[in-house]
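Visitor: Assemble chain B onto chain Y, guided by the hints.
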Amino acid sequence: MATRRRMAAPLAAAAIVAGLSSLAAQPPQAQDAPSTKGVVRKHHVPISSDLVKISLPRPAEADLSNGLHLIVLEDRRLPQISFQLFIPGAGGYYDPDDKPGLAGITAALIREGTASRTSSEISQQLEVMAASLAIGAGAASTEAAITGSCLTDQATKLIDLAADVLLHPAFPDAELARYTQRTRATVAQQRTNPSFLAAEMFSRAVYGRHPAAHVGPTVDALDRVTRDDLVAFHRAHYLPDHAVLAIAGDVSMAQARFVVEQKLSPWKKQGAAPGAVSDPAPIAGAKILFVARPGSVQTNLIVGTQAIAHDSPDYDVLQVMNKIIGGGPTGRLFIHLREEKGYTYGASSALNAPLYRGEWQAATSVRTDVTEPALRDLLGEIATLRDEPVSDEDLADAKRSMTA
Amino acid sequence: MWSVLARRLGVAAAVALALAVSAAAATQPTIKFTDTTLKNGLRVVISEDHIAPVLSVVVLYNVGSRDERAGRTGFAHLFEHMMFKGSEKVGAGEHFYSVFSNGGTMNGTTNKERTLYYEEVPSNQLDMALFLEADRMRSLAINKENLDNQRQAVQEERRLRLDNQPYGRTYEAVDELAFENPAYKHSVIGSMTDLDAASVDDVASFFKTYYAPNNATIAIVGDVNSALALERIHQYFDTIAAQPAPPAVDAVEPAQTAERRQTLEDPLARLPRLDIGYHIPSSLSTDDDAIDLLTDVLASGRSSRLYEVLVRQKQLALGVSAFAESSRGPRLLRIIVSVPPAKTVADVEAGLYAELERLKAGPIADWEIEKSRNGVRRQFVGALGSSLSRASLLGELTLLYGNPGKINTLYDRVGKLNGADVLRVAKQYLAPENRVVVMTTPKPATASKGDR
Chain Y
1 MATRRRMAAP
11 LAAAAIVAGL
21 SSLAAQPPQA
31 QDAPSTKGVV
41 RKHHVPISSD
51 LVKISLPRPA
61 EADLSNGLHL
71 IVLEDRRLPQ
81 ISFQLFIPGA
91 GGYYDPDDKP
101 GLAGITAALI
111 REGTASRTSS
121 EISQQLEVMA
131 ASLAIGAGAA
141 STEAAITGSC
151 LTDQATKLID
161 LAADVLLHPA
171 FPDAELARYT
181 QRTRATVAQQ
191 RTNPSFLAAE
201 MFSRAVYGRH
211 PAAHVGPTVD
221 ALDRVTRDDL
231 VAFHRAHYLP
241 DHAVLAIAGD
251 VSMAQARFVV
261 EQKLSPWKKQ
271 GAAPGAVSDP
281 APIAGAKILF
291 VARPGSVQTN
301 LIVGTQAIAH
311 DSPDYDVLQV
321 MNKIIGGGPT
331 GRLFIHLREE
341 KGYTYGASSA
351 LNAPLYRGEW
361 QAATSVRTDV
371 TEPALRDLLG
381 EIATLRDEPV
391 SDEDLADAKR
401 SMTA
Chain B
1001 MWSVLARRLG
1011 VAAAVALALA
1021 VSAAAATQPT
1031 IKFTDTTLKN
1041 GLRVVISEDH
1051 IAPVLSVVVL
1061 YNVGSRDERA
1071 GRTGFAHLFE
1081 HMMFKGSEKV
1091 GAGEHFYSVF
1101 SNGGTMNGTT
1111 NKERTLYYEE
1121 VPSNQLDMAL
1131 FLEADRMRSL
1141 AINKENLDNQ
1151 RQAVQEERRL
1161 RLDNQPYGRT
1171 YEAVDELAFE
1181 NPAYKHSVIG
1191 SMTDLDAASV
1201 DDVASFFKTY
1211 YAPNNATIAI
1221 VGDVNSALAL
1231 ERIHQYFDTI
1241 AAQPAPPAVD
1251 AVEPAQTAER
1261 RQTLEDPLAR
1271 LPRLDIGYHI
1281 PSSLSTDDDA
1291 IDLLTDVLAS
1301 GRSSRLYEVL
1311 VRQKQLALGV
1321 SAFAESSRGP
1331 RLLRIIVSVP
1341 PAKTVADVEA
1351 GLYAELERLK
1361 AGPIADWEIE
1371 KSRNGVRRQF
1381 VGALGSSLSR
1391 ASLLGELTLL
1401 YGNPGKINTL
1411 YDRVGKLNGA
1421 DVLRVAKQYL
1431 APENRVVVMT
1441 TPKPATASKG
1451 DR
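Here the protein sequences line up with chains Y and B, keeping their order.
Be aware that the first sequence starts at 1, since it is given in the numbering used here, and climbs by one per residue.
Be aware that the second sequence starts at 1001, since it is given in the numbering used here, and climbs by one per residue.
Mixed in with the good hints, there may be bad ones.
[Claimed, not checked] Each pair of labels, with its calculated beta carbon distance range:
| no. | chain 1 | residue 1 | chain 2 | residue 2 | range |
| --- | --- | --- | --- | --- | --- |
| 1 | B | A1350 | Y | A174 | 23 to 33 Å |
| 2 | B | S1282 | Y | D279 | 56 to 66 Å |
| 3 | Y | A62 | B | R1424 | 52 to 62 Å |
| 4 | Y | S116 | B | G1415 | 27 to 37 Å |
| 5 | Y | L395 | B | S1282 | 46 to 56 Å |
[Claimed, not checked] Listed below are the simulated DSBU-like cross-link pairs for lysine-lysine, each with C-alpha atoms no more than 30 Å apart in a straight line:
| no. | chain 1 | residue 1 | chain 2 | residue 2 |
| --- | --- | --- | --- | --- |
| 6 | B | K1032 | B | K1416 |
| 7 | B | K1208 | B | K1089 |
| 8 | B | K1427 | B | K1416 |
| 9 | B | K1208 | Y | K42 |
| 10 | Y | K42 | B | K1089 |
| 11 | B | K1427 | B | K1314 |
| 12 | B | K1144 | Y | K42 |
| 13 | B | K1427 | B | K1343 |
| 14 | B | K1406 | B | K1032 |
| 15 | B | K1406 | B | K1039 |
| 16 | Y | K399 | Y | K42 |
| 17 | B | K1406 | B | K1427 |
| 18 | B | K1360 | B | K1427 |
| 19 | Y | K99 | B | K1343 |
| 20 | B | K1144 | B | K1185 |
| 21 | B | K1089 | Y | K399 |
| 22 | Y | K157 | B | K1416 |
| 23 | B | K1314 | Y | K99 |
| 24 | Y | K53 | B | K1032 |
| 25 | B | K1039 | B | K1089 |
| 26 | B | K1039 | B | K1208 |
| 27 | Y | K157 | Y | K269 |
| 28 | B | K1406 | B | K1416 |
| 29 | B | K1314 | B | K1360 |
[As the list claims (entries may be wrong)] Counterexamples of contact, computed for chain B against chain Y with all Cβ distances above 10 Å:
| no. | residue |
| --- | --- |
| 30 | Y1210 |
| 31 | P1246 |
| 32 | V1252 |
I should point out that these hints are in silico values taken from the structure, not numbers from a laboratory.
Here a beta-carbon is modelled for each residue, glycine too, at the ideal position from N, C-alpha and C.
Extracted from the complex, chain Y is given alone in its bound form:
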């Protein structure tokens, strides 16, 4: 499907540009499309210049003997609780090379049956108590997460169920077979989605062979994953040593700690080191990649490059920069490509700053016949941001929209 071609290809549904240095130098050019000024400010709107003060409550924190870090934010106003359990080391970042998607498959199957409950029983119990319980491990993320919520009077029941699922998953063969069959079809369906195709190619272009390029299981991996793989991944990666459990709502630290220590008592510390991460290899140079999707009436464009890790000193300034160029409907991309040119329904950008060097990307979907001018304008906005100082007013507005 994916093929490298020259520009001006009307059938291309997704163009991905990685590496900004040389391409961003082209100036924007005038277009024929109907154009209106993106934002005109008449300054009559009564706006309060005060910032509303809010004081956030402090959570209680505790380190349990198995390594689990417990955080409780007591909030008695509402008779309900919600929780999130993060398990570092259990995300798709740590998939074995020959089984992409294994972490995601393991997470998906954890709640499909335990030593004492079938998959159907788990679903039914949750649904009757109107509680939610979800387990996920992102294709490129470093951790798995278990999230749940319910009314207070169901909380003990829900935590009991969540602990059973976490500690005693049975990974029944029949459930694995059902899952792989269903997911094989979902993977096929995914390949009809233009945004998925563009994102997949973009990730590959930006991250190369680094695990951040993972987008999900392949059909081949689905066919080869066995119950033993799931059992082994669960045993090796679902460890309490560096895990964090945050609970908010109608519960105190003492109550939460009592229930958690009781329900999770078999979850023992393993003395494991925290999962290692590394930066991706730098991008060799700017390039344009195409994914052909015959029949498309829109082109998905993603333009971006490697950026920073979460602890970079540039983190705040890049967030503000991203706000100015593509942070929602006040961003320059939205105003220029949608409001002024009418090329698209939306255009925005995002900074992804994980534990390793992540990426910045700008994305939009435009009708195919304006692919070239839209891409040129998008690159033009990047060039403007690089070459021209941001006005004091734009900078103040961007900062205010983030703090207000």
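Guide: Chain B alone, transformed into the frame defined by chain Y:
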């Protein structure tokens, strides 16, 4: 009605702030509000909620795609876009710029029944939100440049949401096949041809007729003082003149007497899909709550009838959903089944009907009703916790039923329903002659020129 509203508003996940109530105790949380109608007909509902320093302003105009005439489909939604292009004292785009750069969010949505606009802002920005809404209600800037520009944005929206998506056309085809009444037959987004035909004069007369204060409801929820907020409403809206009432919509749909079927080929789809719609009465009908419970029993979650049997046991479906959108006119209980590669659409359809017949033969288990009730209550409580979804709920109830007080009757109504009620509506509406069936099959892409 209730659960559907909450779902449509996307509030099911708004758990963190929810003002919850024990499902077991099942005591209805009472929502206090004021309900005032200004001299120009604008109806104002205000409800205080001081849980966080935010407030939401929701403005609903009683106009949707049901009000569009033939040849002008998509007009209500196109118009929604025009509402952000400026007015006498607000520049083009200044609306969203002001809201977003001061910590707020805003948007507009259009459906068959109404057009809704909202601002969710820090609690010290009530004046900003009301000024923005009042100025465009009074003096929208209507000109050809704005129209052409937004026509293009809407056409891109159509391409993005429908034309470039697998099953995009299917979505429209179901209503077109099911309804004879032109008000309900066409999609909200409308046709490209009609969008091209819309003129500046159309826009101007549409604005005068439908965007009048007497055709609007405004709901404010959040960290406000009701009396003070009402004072501000008077200040900003009192001088906007009322207009003659818009023409009434004919919502009558002739009864269907035989099944209708259609097959569609979709070049963007990889898998076949089965879409079935059963005619059901309007949301104003007394069967509304029981129909909501029926959709839950059918397809809410993995313990639902259709998921358990079609997806899990028989693997006749990859996924299944059932829902009934709110409407004052004719509407459908819709069931969507995606067909796995190894199965034929005919087998899947037969399997689905077998399950529906089994349901109609009864009984509905107590746990199925308990599950649905708990689910409805939890979604409702979730909706109360967010100022935006509470304001939308109050606004929609006022617009659809003329009665915001309906917000305080949910537990009572749903608590009274039982399995027999669900069985009765299932038997009444899930009948073969009452359904439309649209089968979407993948169409191989035509050979492309020199591609790949």
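Visitor: Determine for every hint whether it applies to the structure shown.
Guide: Cross-check of the supplied hints:
| no. | hint | result |
| --- | --- | --- |
| 1 | A1350(B) with A174(Y): 23 to 33 Å | holds, 24 Å |
| 2 | S1282(B) with D279(Y): 56 to 66 Å | holds, 59 Å |
| 3 | A62(Y) with R1424(B): 52 to 62 Å | holds, 54 Å |
| 4 | S116(Y) with G1415(B): 27 to 37 Å | holds, 33 Å |
| 5 | L395(Y) with S1282(B): 46 to 56 Å | holds, 52 Å |
| 6 | K1032(B) with K1416(B) | holds, 23 Å |
| 7 | K1208(B) with K1089(B) | holds, 18 Å |
| 8 | K1427(B) with K1416(B) | holds, 19 Å |
| 9 | K1208(B) with K42(Y) | holds, 24 Å |
| 10 | K42(Y) with K1089(B) | holds, 6 Å |
| 11 | K1427(B) with K1314(B) | holds, 24 Å |
| 12 | K1144(B) with K42(Y) | holds, 20 Å |
| 13 | K1427(B) with K1343(B) | holds, 28 Å |
| 14 | K1406(B) with K1032(B) | holds, 12 Å |
| 15 | K1406(B) with K1039(B) | holds, 24 Å |
| 16 | K399(Y) with K42(Y) | holds, 21 Å |
| 17 | K1406(B) with K1427(B) | holds, 28 Å |
| 18 | K1360(B) with K1427(B) | holds, 6 Å |
| 19 | K99(Y) with K1343(B) | holds, 28 Å |
| 20 | K1144(B) with K1185(B) | holds, 29 Å |
| 21 | K1089(B) with K399(Y) | holds, 25 Å |
| 22 | K157(Y) with K1416(B) | holds, 27 Å |
| 23 | K1314(B) with K99(Y) | holds, 28 Å |
| 24 | K53(Y) with K1032(B) | holds, 26 Å |
| 25 | K1039(B) with K1089(B) | holds, 24 Å |
| 26 | K1039(B) with K1208(B) | holds, 18 Å |
| 27 | K157(Y) with K269(Y) | holds, 25 Å |
| 28 | K1406(B) with K1416(B) | holds, 16 Å |
| 29 | K1314(B) with K1360(B) | holds, 20 Å |
| 30 | Y1210 | holds, 24 Å |
| 31 | P1246 | holds, 29 Å |
| 32 | V1252 | holds, 35 Å |
Every hint from the earlier list agrees with this structure, and none is contradicted.
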